[in-house]
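Colleague: Sequence:
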Amino acid sequence: MQELQYLLQLLKIEQEEDFKNYQQYILQTPLNERRKQGFCWYPIKMNYSEIGTGGAIYISVERTSSMGESHTFSVGSMVSFFCNTEEKNTKSQNNSISGVIAGIWQNTMKIALHTDELPDWIDDGKLGVDILFDNLSYKEMEKALNQVIKAEKGRIVQLREVILGEKNATFNALKFDISLPQLNESQNQAIRNVLSAQDVAIIHGPPGTGKTTTLVQAIRLVLKNQEKRQALLVSAPSNTAVDLLTEKLAQQGINVVRIGNPARMAEEIQKYTLDNHINTHALFKELKKYRKDAENFRQMAGKYKRSFGADEREQKRLLYAEAKKLLKEASDTEKYITKDVLDKAEVITTTLVGAANHALTDRRFAIAFIDEAAQALEPATWIPILRAEKVVLAGDHWQLPPTVKSMEADRKGLSKTLFEKCILRHKKLENPVDVMLRTQYRMNEAIMQFSNQQFYENQLLADPKVKNWTVAEQIAPFEFVDTAGCSYEESPNRDSGSTANPEEVKLLFRHLESLLVEIEQAIQADSKPISIGIISPYKAQVHLLKQELTNLNIKKLSPLVSIEVNTIDSFQGQERDIIYISLVRSNSNGEIGFLKDTRRMNVAMTRARKKLVIIGDSATLANSSFYSELISYAEQTNAYHSAWAWVG
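Numbering (my numbering), first residue to last: 725 to 1372.
Where hints are given, some of them may not hold.
Claimed, not checked - Pairs of lysine to aspartate or glutamate residues, derived as EDC-like cross-links and limited to a Cα-Cα distance of at most 20 Å, are as follows:
hint	residue 1	residue 2
1	Lys1252	Glu1197
2	Lys1145	Glu1315
3	Lys1140	Asp848
4	Lys1040	Glu841
5	Lys1270	Glu1227
6	Lys744	Asp1134
7	Lys1068	Asp1086
8	Lys891	Asp923
9	Lys1048	Asp1064
10	Lys877	Asp1086
11	Lys1152	Glu885
12	Lys899	Asp923
Derived by calculation from the structure, the hints in this document are not laboratory data.
Kindly generate the complete structure, drawing on both the sequences and the hints.
Modeller: Put into structure tokens, the structure is as follows:
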């Protein structure tokens, strides 16, 4: 239990660091500066307001200056809608309402406000919208941890003991053999592990091994073989991961309901959302009438301003009271519809924090499936576990860890996930809980093998279909281009705090140009377009790479390719035919910064299907055993080249 108490302390440190950053960039920054930096829209005008799902008031606002300028707002962001009554660079805290961005376009924004009526101050001065610190996630994580710590009875106590490694996990023999023909043996083994586990099961899915496919089939078989019908909870740290699972489950004919703010979900997922299920329910017309009548009363009340007399104020009060009465009827009807929808659902999908949604209050689930669990903060992972009889974790702890803003919290262990801890604990006990998927369907074997040696104990096998594939004949699947001796010194970017290497950028595109010439000579004109990813761990380098790509206009050179440039983190979960990695670091001190996080490099290298090109300075990198072994691997496989071959 001390471990969980310590975790609470780390969460508090992380929250304080997050809020400190918010204060520095938002609260303590003058309004005009916030606007310049894209943290604020000001001034704005309100186009209209309406009552939406849950009785929330939605407003549409539009910029009246700084039109088209870049900003940091996005769908799902928490915001503060405020009124600046004195035209100063700060605003009164009383003249603001929080909300969530439901939609955003170039100069207009739709916000779901956290209020049941619009305030009078809307007409008092100029209006604006600020980015707001989102404290809700921290509150839910803290609440979940406290529940786990304080629990003295119930299923959560038993799960806690197993998950913390205080007791062995238990497994029951299956009554029938499971062997799906469309899956390989390790995938079938993982599903058998899920079905036989009584407490916890883990699917360890290295890159390209079909983790999502395995997880979806496991969910389908659990539903098929249930003795007593009970819904399953499926969650993940990000909305993107939850949306993918929602879509895959629906394709299997499973009745899935996606919980959460529709503003945070992909467009193609909207039809599975709780909101859409409510809107298509038989009682929705009744609910809609209550809302429409409430909106009419609210608008009538809004016509009475504070300057009116006592009679007008009383009339305004009565109109608002009638609106609230109708909204109460609407709320009761919506609760009934929601319960009906969720009672019929086979699977409910949500983010980890979304599992605390009020719509799920008092609901228990047969199993909580948690995907991308190796990217989830442990406090968030406990939220869905609290609602379940059994837990299934899926992920890969050798890929990107969760994002932790506080260096102190990171150093003290907040970035170590429950997924990783659980695997390590149960390896020491009698019953390991994890099954690793061993066949990968993405990469040429030469691309896979270094990661296989470094992270997966040489247990991965390349499927015959991908084992030897390349972009074209005679084009090697892997290259390490060494810039040592070329004087390609790195340069820090003072504005961003990041690092760049301009000469390495130029070298990369010279290499790419020559590669594209080789490819065009080797492939047919009607071949499928080749996808290329150019990635770097440093944002400053990514910025330079994007600039250079624009200047070169590669499309003119080769219309058969599509190219995307981004950070390693942005490519997590994606794949391309060709991947270029620019390592950037080149200095006399042998300092490699956060290249030390070898899991990030594992992600970068395993994005490539048919060709991987890594560009870096061996003189700087060789001080790290990981990169020294990478260079040795390149030499052993005849993939090592000096950059001098491309220096013009």
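Colleague: Between the alpha carbons of lysine 899 and aspartate 923, is the straight-line distance 20 Å or under?
Modeller: Roughly 18 Å separates the two Cα atoms, so the pair holds.
Colleague: Is the hinted pair lysine 1048 and aspartate 1064 satisfied, with a Cα-Cα distance of at most 20 Å?
Modeller: Roughly 24 Å separates the two Cα atoms, so the pair is violated.
Colleague: When you check the alpha-carbon spacing of lysine 891 and aspartate 923, does it fall within 20 Å?
Modeller: holds, 11 Å
Colleague: Please work out if lysine 1040 and glutamate 841 have their alpha carbons no farther apart than 20 Å.
Modeller: holds, 12 Å
Colleague: Hey, lysine 744 versus aspartate 1134, does the alpha-carbon distance stay inside 20 Å?
Modeller: At roughly 16 Å apart (the allowed maximum being 20 Å), aspartate 1134 and lysine 744 satisfy the hint.
Colleague: Within 20 Å, alpha carbon to alpha carbon, are lysine 1270 and glutamate 1227?
Modeller: Within the cut-off at roughly 14 Å; holds.
Colleague: Taking 20 Å as the top limit, are the C-alpha atoms of lysine 1152 and glutamate 885 close enough?
Modeller: holds, 15 Å
Colleague: Between lysine 877 and aspartate 1086, does the CA-CA distance stay at or below 20 Å?
Modeller: Given that 20 Å is the threshold and the Cα spacing comes to 16 Å, the pair holds.
Colleague: Hint check: lysine 1145 vs glutamate 1315, CA-CA at most 20 Å. Holds or violated?
Modeller: Given that 20 Å is the threshold and the Cα spacing comes to 30 Å, the pair is violated.
Colleague: Mind checking the alpha carbons of lysine 1140 and aspartate 848 for me, to see if they're no more than 20 Å apart?
Modeller: violated, 50 Å
Colleague: Do the alpha carbons of lysine 1252 and glutamate 1197 lie within 20 Å of each other, as the hint requires?
Modeller: Holds, because 15 Å separates the two Cα atoms, which is no more than 20 Å.
Colleague: Are the Cα positions of lysine 1068 and aspartate 1086 separated by 20 Å at most?
Modeller: Holds - the C-alpha atoms of aspartate 1086 and lysine 1068 are around 16 Å apart, at most 20 Å.
The structure fails to meet hints 2, 3, 9 from the earlier list, while all remaining hints are met.
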